[in-house]
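**Student:** Residues per chain are reported as follows:
4 protein chains.
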Amino acid sequence: MCTAATYKTKDFYFGRTLDYEFSYGDEITVAPRKFPFEFRHMGKRNSHYAIIGMAHVAGGYPLYYDAINEKGVGMAGLNFVGNAVYQAVEAGRDNVAQFEFIPWILGQCADLDEVRALLDRMNLVGTPFSEQLPSAQLHWIIADRNAAITVECMADGMHIHENPVGVLTNNPPFETQMFLLNNYQGLSPKQPENTFAEQLQLQSYSRGMGALGLPGDLSSASRFAKVAFTKMNSKSGDSEAESISQFFHILGSVDQQRGCCEVADGKYEITLYTSCCNADKGIYYYTTYDNHQITGVDMYHCDLDGSELFRYPLVQGEQIHWMN
Amino acid sequence: MCTAATYKTKDFYFGRTLDYEFSYGDEITVAPRKFPFEFRHMGKRNSHYAIIGMAHVAGGYPLYYDAINEKGVGMAGLNFVGNAVYQAVEAGRDNVAQFEFIPWILGQCADLDEVRALLDRMNLVGTPFSEQLPSAQLHWIIADRNAAITVECMADGMHIHENPVGVLTNNPPFETQMFLLNNYQGLSPKQPENTFAEQLQLQSYSRGMGALGLPGDLSSASRFAKVAFTKMNSKSGDSEAESISQFFHILGSVDQQRGCCEVADGKYEITLYTSCCNADKGIYYYTTYDNHQITGVDMYHCDLDGSELFRYPLVQGEQIHWMN
Amino acid sequence: MCTAATYKTKDFYFGRTLDYEFSYGDEITVAPRKFPFEFRHMGKRNSHYAIIGMAHVAGGYPLYYDAINEKGVGMAGLNFVGNAVYQAVEAGRDNVAQFEFIPWILGQCADLDEVRALLDRMNLVGTPFSEQLPSAQLHWIIADRNAAITVECMADGMHIHENPVGVLTNNPPFETQMFLLNNYQGLSPKQPENTFAEQLQLQSYSRGMGALGLPGDLSSASRFAKVAFTKMNSKSGDSEAESISQFFHILGSVDQQRGCCEVADGKYEITLYTSCCNADKGIYYYTTYDNHQITGVDMYHCDLDGSELFRYPLVQGEQIHWMN
Amino acid sequence: MCTAATYKTKDFYFGRTLDYEFSYGDEITVAPRKFPFEFRHMGKRNSHYAIIGMAHVAGGYPLYYDAINEKGVGMAGLNFVGNAVYQAVEAGRDNVAQFEFIPWILGQCADLDEVRALLDRMNLVGTPFSEQLPSAQLHWIIADRNAAITVECMADGMHIHENPVGVLTNNPPFETQMFLLNNYQGLSPKQPENTFAEQLQLQSYSRGMGALGLPGDLSSASRFAKVAFTKMNSKSGDSEAESISQFFHILGSVDQQRGCCEVADGKYEITLYTSCCNADKGIYYYTTYDNHQITGVDMYHCDLDGSELFRYPLVQGEQIHWMN
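Protein chains in written order, with this note's numbering: chain S, 1 to 324; chain H, 1001 to 1324; chain F, 2001 to 2324; chain X, 3001 to 3324.
Hints listed in this document are in silico derivations from the structure and should not be mistaken for laboratory results.
None of the values given here were measured: they were computed from a predicted structure.
Hints should not be assumed to be uniformly reliable.
Stated by the list, open to error - Pairwise CB distance ranges (calculated):
(1) Glu3131(X) to Ser2023(F): 55 to 63 Å
(2) Tyr300(S) to Arg1045(H): 33 to 41 Å
(3) Leu1133(H) to Gly237(S): 26 to 34 Å
(4) Ala1088(H) to Leu3118(X): 53 to 61 Å
(5) Glu3162(X) to Gly1237(H): 52 to 60 Å
Ideal placement from N, C-alpha and C gives every residue a C-beta, glycine not left out.
Just chain S, with the same shape it has in the complex (with noise of 0.2 Å):
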């Protein structure tokens, strides 16, 4: 389905993968200060920070997926799939609608102490965009620099989760992945001790063998415990060009290779595109699953006190640099 994932070296990334057996059409979308954002039960804002992410456009209003604003805050939505159950309409509350929710967190907050007040007076509702697209099944990861939470709509209610690994992926609920790391906390990057029997003489025959036990498959319970091992032990230089390097690697970790997921017959879920945002430059760098050279939109390129959507289609097609 889907896995999100921050990273801090100098700078704060944050990123995700969306992976579906198809695109809803999908652009790189600067919402600039002045946009305005109508909202279904909380009037219009003719002013907010300025936001970059990816979406899709309906109708003039960016349905965005994942973002960054301008203050450093980032925000993903992921499939949440038969556990994602959205509030009712309660007078004196914010009421936001599920489609809204990232403009709406980002649009106001500056960090995560933002996020947690506006959260706190907030109804999630399942007002839907418009008959042809009702409310997906979300759950959500919002961070800054310095945190992560998660943030799960259910049958018994909003949950504001601190997410102290930085990742989420789909079901179950993030209570439950969490405490199935668990399971894996015996495992390590560097190789095991002999700890079975110490009359044998057991050997390490292959390097890595201290991480055996971490899973492989697309699951997203799996997904999850891979990224998390591979985010938490990840080392890399804290250069622009370094970190994001590795952020494509964090996230690469976890590709769903097309083939590998069948979701109905001949139909193949896969990674339809892994982004990273540097949420202290205001950058979106993203690869899809045809083009494995990572593109690059600077928020600050653009005029963020305007009030019209800047719309960058992605590139789809493998860029292949010719040596000769």
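The hints should help you fit chains H, F and X onto chain S, whose structure is shown.
**Tutor:** Below, chains H, F and X without anything else, positioned relative to chain S:
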């Protein structure tokens, strides 16, 4: 350590990852037909099939890690530490030093039948390239568009194994790697059915659960299983772009991220480069750890009747395409 | 820690293992109908259903670990350390101390419907038995021949879960245990079919490969999966001998061997005893770690209309039958 | 299929499970010193060490599955289907039929050195016992109190492997079984430490989590790992009662429950019997699937200087000790 794989759509593709904690300094190297190969025990060859591959060029000699020839045969050497034992020089046999093995085979063989014939009268010997470069402990995958074999020299002699999966990693020996695939036979890209207990209502709460049990650590046996599953189930169009995209996804499934495989204090094995050769068209594509863009070198853009090596140092830094 | 299971052939069987590093001194204990149960918050009961079970008798009071009553209801308490949080005493509710829970239920309920009704108006409270015996952190399985439930008191209140698998171990909470069974749904007592890659000749080189992936360690989640698989796939004749033999094999699948679970330096958790009650016939069978022979106590051989406990200390040493 | 194990406290213990879907009719059988063994290719032996073991006695001949001799050497044959290839009869060698292997060795050898010497000049041949009883495909464990070996006849000849773990199951061949133990080297009876990610608060939510990853299915490679872990970490007192109790717990860890290994429609492999020999005292203890009590036969209660077999049919039904 390393992973090699074959893939066939309309054309035949052959490539590998090279995983290590540092690079010897590698270059895409074309040995045209008249480049003189001086074999330690077999004399000089002034005429042979043209070869393109990744090599460390030492004193003008291309020490190939992997390569294809103009006839569509591919060959790669992968670490086999602790198991490789080379043969003794023996009169009346073709005595080929380990570091000469790739040019010896690719220089003369137009298909796998010719490879088998050559292997039949060959001893693979441990004669070192130089004092500074003692013989590496390797085993090899050799493939054409129809089949693949694995060559392993061990204490009990040379083994030539059919390689029906078209994949090679490192230890343990190939027969054990293939044997272990039996343990994964029930895995599938499709969702599992409940055969645990019909009376229970079990559910597939996530996509991709049919391959639960597939390993995700970086040890060589786990990479063998993971890449075999990914390759054997791969689906792609058969255009050049779709084929090489899929190929890089296949090898990407066993990418080694910096930090996840610590080989000595603070030293980490990573995927230094990933290659994908179109063996039919004579093109060598690659990415490096810090350059996600695919770079290509076309052997037919070199004068293949020449006698001098063509050398292309790797493009190393992240090549980002900026959209604004 | 512990494992409980139900099993039904012609009769209904209910039992458990008690795994710990030492014994408090346990006895098969029959509480006949007129044995006076003095409840801390609910007064004295001079008449109730007769109960047979394993208990530590303290000051004349049977602290039952597991028991059945003469109506065929079984109940066992298992460790739930770190998760059990008892309720507060509340006026207008049936306030039952944790250590009284088994006699409270088994003394009054002839089937699971009556258990549910009783639970409905009950608070499970932490009132300790004595200063020396503070309240244990437990959860419970309660079953009759038709169904089973699990009762867990946690920080967010009392949970009553349907238990379709008829199995209980320890942490994590029951809902997570059941959820994790989804991961094993593709396991089977039959040999696997090759869905990994049709083009490969994979083989079942051993019998029993259909359940590859079933865990064999002694952690409570692994025991839950192992015993669930064993129980749900169990086949036996329905005679008393065949039924109890199979039952002891089911619980034997999660036997804890001395040395395999070190809980403190040189201290090992073992399966102190394993029980199997014929809930229809009122018989308590058991084995101990050091006595493989099954020992039986028949409640109907006691005067069930009495008012004094009948106590049977465990036969502890290995009872070997000599043939010559 | 089957599992064999050795165990040493004060005395030396040797035993096995025999797992199959039906029994040939087995008896504890003592062959006293003068019981005439007529070897097919080696003539008659009228004097030899006394042997006690489990045998199917056919036409007065004890076809031993496992046995010990009066010198403390134990030997058991276990299924090795698909891999066993016996040798050809060869002049100048000791040609021993597969079904004679146990009496040949145990009749003559007082320790493992003598066994090795005998094996040195021996061919293990496929001469069948009779038309009705063709030669079984087996491999063997032979042990004295100091060491154990495994004997496997395969297409490439006879292999004699040191068996440092003192365990044997079935396929794959022994070297592969031992190799696979390397994958489990990080498992431990102690709780794991968090080496996954220091920054995360991971917890051991259950006892016994140090051995997570230990397999629990009934395939022969999984039983090898499970019983090796159990045996190598076993702790017990060294009295006879404590030792044999622990031994039955060791083999109980790989007990095959009826229903969990379906070998044909409605046919299930089960642990028909489990044996434990005190090789120092000449006692054969056993349990059967439907009799949990340990039964013992003491060879020294037979006239070991006799020439007739002593035969003890198995006690099969559940022997329940009633306390009231």
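**Student:** Is the distance from the Cβ of Glu3131(X) to the Cβ of Ser2023(F) consistent with 55 to 63 Å?
**Tutor:** holds, 57 Å
**Student:** Confirm or reject the claim that Ala1088(H) and Leu3118(X) have a C-beta distance inside 53 to 61 Å.
**Tutor:** violated, 35 Å
**Student:** Could you tell me whether the CB distance from Leu1133(H) to Gly237(S) stays inside 26 to 34 Å?
**Tutor:** holds, 29 Å
**Student:** Quick one: are Glu3162(X) and Gly1237(H) within 52 to 60 Å, going by C-beta?
**Tutor:** holds, 54 Å
**Student:** Does the Cβ pair Tyr300(S), Arg1045(H) satisfy 33 to 41 Å?
**Tutor:** violated, 59 Å
When each numbered hint is compared with the structure, violations occur for hints 2, 4.
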